[in-house]
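*Asks:* Here is what each chain is made of, one letter per residue.
2 protein chains.
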Amino acid sequence: MANLLVDERDVQFVLYEQLKVEDLCQIAKFGEFSPEVFDMVLDAARKLAENELWPANADGDKIGVHLKDGQVRVPESFHRIQRLYCEGGWPSLSIDQESGGQGVPAVIGCAATECMIAANLGFMGYPGLTIGAARVLEKFGNPEQQSTYMEKLVSGEWCGTMCLTEPQAGSDVGALRTKARLNPDGTYSITGSKIFITGGDQDLTENIIHLVLARVEGAAAGTKGISIFIVPKKRIENGRLVDNDVTTVAVESKLGLHASATCALNFGERDNCVGYLIGPENSGMSIMFHMMNEARLLVGLQGLALASAAYMHSVRYANERLQGPHFSAIRDPDSPKVPILEHPDVRRMLMWMKSVTEGMRSLLYYVAKCVDLAECSTDRNDAAKYRGIVDLLIPICKAWSTDIGFRVTELAVQIHGGYGYCNEYPVEQFLRDVKITSIYEGTNGIQALDLVGRKLRMNQGALFQTFIGEVSKLVARVNENPRLKPIAARVDEAKSHLIEATVYFAQKAMSGEHAVPVLYATPYLELFGDLTIGFMLLWQAEIADEKLQAMYANAGAGTPEKQKELAESDREAAFYLGKIASAEFFSQSVLSLAQGKAKAIMQSGTGFLELPKEAFLRI
Amino acid sequence: MANLLVDERDVQFVLYEQLKVEDLCQIAKFGEFSPEVFDMVLDAARKLAENELWPANADGDKIGVHLKDGQVRVPESFHRIQRLYCEGGWPSLSIDQESGGQGVPAVIGCAATECMIAANLGFMGYPGLTIGAARVLEKFGNPEQQSTYMEKLVSGEWCGTMCLTEPQAGSDVGALRTKARLNPDGTYSITGSKIFITGGDQDLTENIIHLVLARVEGAAAGTKGISIFIVPKKRIENGRLVDNDVTTVAVESKLGLHASATCALNFGERDNCVGYLIGPENSGMSIMFHMMNEARLLVGLQGLALASAAYMHSVRYANERLQGPHFSAIRDPDSPKVPILEHPDVRRMLMWMKSVTEGMRSLLYYVAKCVDLAECSTDRNDAAKYRGIVDLLIPICKAWSTDIGFRVTELAVQIHGGYGYCNEYPVEQFLRDVKITSIYEGTNGIQALDLVGRKLRMNQGALFQTFIGEVSKLVARVNENPRLKPIAARVDEAKSHLIEATVYFAQKAMSGEHAVPVLYATPYLELFGDLTIGFMLLWQAEIADEKLQAMYANAGAGTPEKQKELAESDREAAFYLGKIASAEFFSQSVLSLAQGKAKAIMQSGTGFLELPKEAFLRI
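Chains as they are written, first to last, in the working numbering: chain A, 2 to 620; chain B, 2 to 620.
In short, the hints are calculated from the structure, not lab data.
Just so it is clear, the structure is predicted and the values come from calculations on it, not from any experiment.
Watch out, some of these pointers could steer you wrong.
A pair holds if it fits inside one copy or across any two, identical chains being indistinguishable in the list.
[Unchecked claim] No farther apart than 25 Å at their CA atoms in a straight line, the calculated lysine-lysine pairs in the DSS-like style are these:
hint, residue 1, residue 2
1, LYS496, LYS600
2, LYS225, LYS338
3, LYS180, LYS509
4, LYS486, LYS565
5, LYS474, LYS140
6, LYS565, LYS548
7, LYS509, LYS600
8, LYS614, LYS565
9, LYS153, LYS235
10, LYS496, LYS486
11, LYS548, LYS486
12, LYS614, LYS338
13, LYS386, LYS496
14, LYS509, LYS496
15, LYS496, LYS474
16, LYS140, LYS509
17, LYS180, LYS225
18, LYS235, LYS140
19, LYS474, LYS386
20, LYS614, LYS563
21, LYS509, LYS225
22, LYS565, LYS48
23, LYS548, LYS614
With the rest of the complex left out, here is chain A (with noise of 0.2 Å):
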């Protein structure tokens, strides 16, 4: 099969002609790497994620899971997929190695879970989750703890699950009721229950770790009184596993992502539902902040992932598919039939398609390096620098890159046409699949209020003055190439709007109007997300010309003809090419509108805050 998944060949454009990964190798904790071994990294994955995760992938969606007698089942395929991602290593990919993990770069691990998830999202819920709660015990259990669990997830011999929603609190966490009772032996008695687990259950490991957010008896109320605590589907004891008091009382019916077990879990049940405090007690939101910026990053992978793929399997089909005749003999019967491809509408929908997963793929990996960066850092200042990018940028990530990737998606079903809105064909499940990922880990309008409400304010504004440095930073450089002028002069154009925007919330904040940037947030975030991607695509442009330009001049390809057959004889040139194509079209099509956009912003009032409900509906 070929590759539909990922373009391998903008993967390796991005990790080492754009972010030059390489240079993480002189950094002491990677020292042992090296781009041969990245790349061997990045095989595997391709190979695991086409050969295996791929086939399942149709499989999950049809079968899906089932409760049955208490116990989650999953497709029989998963199963062996499950097997071969432990056998490979994978569920320690991007773990610590003094904490039994492989230690790659989470740029690397980003590229290598990108394909495995363009490849079968509803299977990677799986150990997606298993590694998030790993990472908490490996930055906040004690000793006892990871010793117990570590290994354990870290091999994927068990999976781990994050516990945070309840019926009454979705996005409102601090309304959470679950209750912690501390015991005289140190454990906590757990009881309550959680709704929208994923992988909360299934007989994929012999155990499941729980993270579960609760309260502790008397603790505060809001956010400030909860706690976080491992709850294991089975406890050890005297070295043997036994039930803990966790049940399944139902899996979720959804609208894709069938192969995720998508739970409701009660906890203690019977009372006998044993918890260990991860920290100290009302720590568990300064815990799960530091796991967020991660498992953000990580949904924003997903929405990436599964725009790559629908993009990939629409140009393939777009491609192969025959359909009228060339635009330009719209009126002649007998002339020749075209590839889709060649239909401007079709090519226009592509080309949009193709920019925005190259921006997003840019964008992710760029944070990911970034992430890095802020861990690996000797200097503080850089690492700062870097820190702050990572905390500006990922509800961009997260909100953007799933927002977009919905919307890539669709466009594939529509290029599809009524075969596209047919099962025979992958791409209405990633549009079905892809769709969760605007709502969970924070729905995007939380993020847009974490982004206006948070991340602006941080440091007085800094994060956002540096990210504009950048932008600055790159226009000035990509000004001086005549060829590129026209794009620049468009990303420094939606940088002045941006700013207007954000000095006009500023200026409502200082005054006392909260109520503007709240409205205005998510708008807001779309408009910072055009920029970013902007900046990412013309940053890839200037790489792109310089190369061209070079293969120009090798060949001796002087004039516009000559250039045109080199590009249309060498697949490298026609690479180089698209790339420059994908920034001047997101500048024209998409930056366009940074104008209008800030203007909408900051001339929509609030008076529709006031409307009684009536006017929404004669409830």
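Got chain A; can you put chain B on it based on the hints?
*Replies:* Relative to chain A, chain B alone:
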């Protein structure tokens, strides 16, 4: 059950306060109707929709259709609703009285159909296509054909279909291969395969009348050589129904519309399929073109109807779902939970959903009323004017309403959060069901080409001029109203930008650069739709403001405080305030982008049409 399908108050507003449909009763053709009769029709439609169609909707989705022993079976509950639908006389609602129908104006048919579609799109596909087939026979069938089929179709005893698409010929209808061979008795033998035939088989009716596009042996290639035939599933021989060699090969398994049988049909597998020519040979396409406006309006209505149901469900949910404190008390864990309708981000989404849903309803009813006037006006100029409005706006009705309708269902899922992703709530079904509407009956890309390639050119651009004239007239009028002037100004500005883009396309076409309008037809249609909806909402705001001012005057509410009090205690005042808010919000948040959208069209090149395909994917 509260009506969560269509906002009845808004329907009344559009019909009577905005469009003054009572005036239609002055026309001879509609002389026996009155507003009371219209309301009886709407009331009956609503009752059928709420009490019968809606309860079967989830059923249809879960059970779906199945092909067994060559026969498609629909869910059991559909037999009941089919019977009730026929008993209520709904199949013949807008069929002329001389053809055995009830002859209600198209605009009333539109309003009645909206709520039935909102209740059950899967079911409504069967009668929808039946009406289409009946109309073809009504207009183009010979008397014998009419007497054989019309009564059965109009009573709903038999269903009809439209068989256009073939595997190799989707949007390119001219490529079809189904053959017709003239028999000595004047009938034709039909052989060929069709796919994606809605209602291609079912067990609701004893017979199905397929209208089949086919090429008579020796006819020209392309669309010119296409004829249209009646091909009954069972033909009448000596007063008995006998099999007519139409085989159902498959039913598609689809993203949504599970209750609607999308069939692959083979005609003449045993060389015993008889077809009856409608009209002269080779007139198939022109006959189909006559039906196109109505069919596309109906699909636009499907986009509106599912948007409406999605919006109504979302408002109810947002009003009932308590979560988190009011944003002004965000830091106080003890502050009471508020309905998420109070959360600014949710309200902003609802406001957008409300404004576009109301705008679409206004547009579609308006165009339907123009259909009535075009058919009934005794003044030839008037008739031509209305026909021109219909022709121009039909692609907008179809494409804008289905694209935006999908977007509304997407936000409905978002507002429902995790619950929206689960089957337990109906919104995810709306999203899946409505997606097909951007694809069938001419993809939205085809609609855009129809707008740019045909409609803008008709009568040397006179249609466009007329439409712009209507917008200008409204703007001039509303400009006199200081309260609404800012909204009118934004509509006027959007109008200028649409004109700019239109002139730009005309110039490009004149200079032979046809690629430009072809490439940017879809973004152009979006901009055109934005202005059209802005126009509709401004028109509604004008009326609402007048009513509101009268209410204030009656109540002696001279101050803003008193006016606010009135709006909070009087549902009518709240409704009108909501109307003005819709126009204001849409003009601010959508029309503000018009300049950028026009710029994106005009500054974007055609360069990427020349990219080698390897730039898209190393295929």
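*Asks:* Determine for every hint whether it applies to the structure shown.
*Replies:* Against the structure, the hints:
1. LYS496 <-> LYS600: For LYS496 and LYS600, both the intra-copy (14 Å) and inter-copy (17 Å) Cα distances are at most 25 Å.
2. LYS225 <-> LYS338: Between. Shortest inter-copy distance 17 Å satisfies the 25 Å Cα cut-off; intra-copy 66 Å does not.
3. LYS180 <-> LYS509: neither (40 Å within a copy, 69 Å between copies)
4. LYS486 <-> LYS565: Answer is within; shortest intra-copy Cα gap is 21 Å, inter-copy 53 Å.
5. LYS474 <-> LYS140: neither (36 Å within a copy, 68 Å between copies)
6. LYS565 <-> LYS548: Classified as within: same-chain Cα gap 15 Å, cross-chain 65 Å, threshold 25 Å.
7. LYS509 <-> LYS600: Answer is within; shortest intra-copy Cα gap is 15 Å, inter-copy 30 Å.
8. LYS614 <-> LYS565: Only across copies: LYS614 and LYS565 sit 13 Å apart there, 61 Å inside one copy, limit 25 Å.
9. LYS153 <-> LYS235: within (13 Å within a copy, 66 Å between copies)
10. LYS496 <-> LYS486: The answer is within: 15 Å in one copy meets 25 Å, while 31 Å across copies does not.
11. LYS548 <-> LYS486: Cα proximity of LYS548 and LYS486: one copy only (17 Å, versus 54 Å across).
12. LYS614 <-> LYS338: For LYS614 and LYS338, the Cα distance is within 25 Å only across copies (16 Å; inside one copy 55 Å).
13. LYS386 <-> LYS496: within (20 Å within a copy, 46 Å between copies)
14. LYS509 <-> LYS496: Within one copy only: 20 Å inside a chain, 31 Å across chains, cut-off 25 Å.
15. LYS496 <-> LYS474: Only inside one copy: LYS496 and LYS474 sit 12 Å apart there, 38 Å across copies, limit 25 Å.
16. LYS140 <-> LYS509: neither (39 Å within a copy, 63 Å between copies)
17. LYS180 <-> LYS225: within (14 Å within a copy, 75 Å between copies)
18. LYS235 <-> LYS140: Answer is within; shortest intra-copy Cα gap is 23 Å, inter-copy 73 Å.
19. LYS474 <-> LYS386: Within one copy only: 16 Å inside, 56 Å across.
20. LYS614 <-> LYS563: For LYS614 and LYS563, only the inter-copy Cα distance (18 Å) is at most 25 Å; the intra-copy one is 66 Å.
21. LYS509 <-> LYS225: neither (28 Å within a copy, 63 Å between copies)
22. LYS565 <-> LYS48: Neither. Shortest intra-copy (35 Å) and inter-copy (65 Å) distances fail the 25 Å Cα cut-off.
23. LYS548 <-> LYS614: between (59 Å within a copy, 19 Å between copies)
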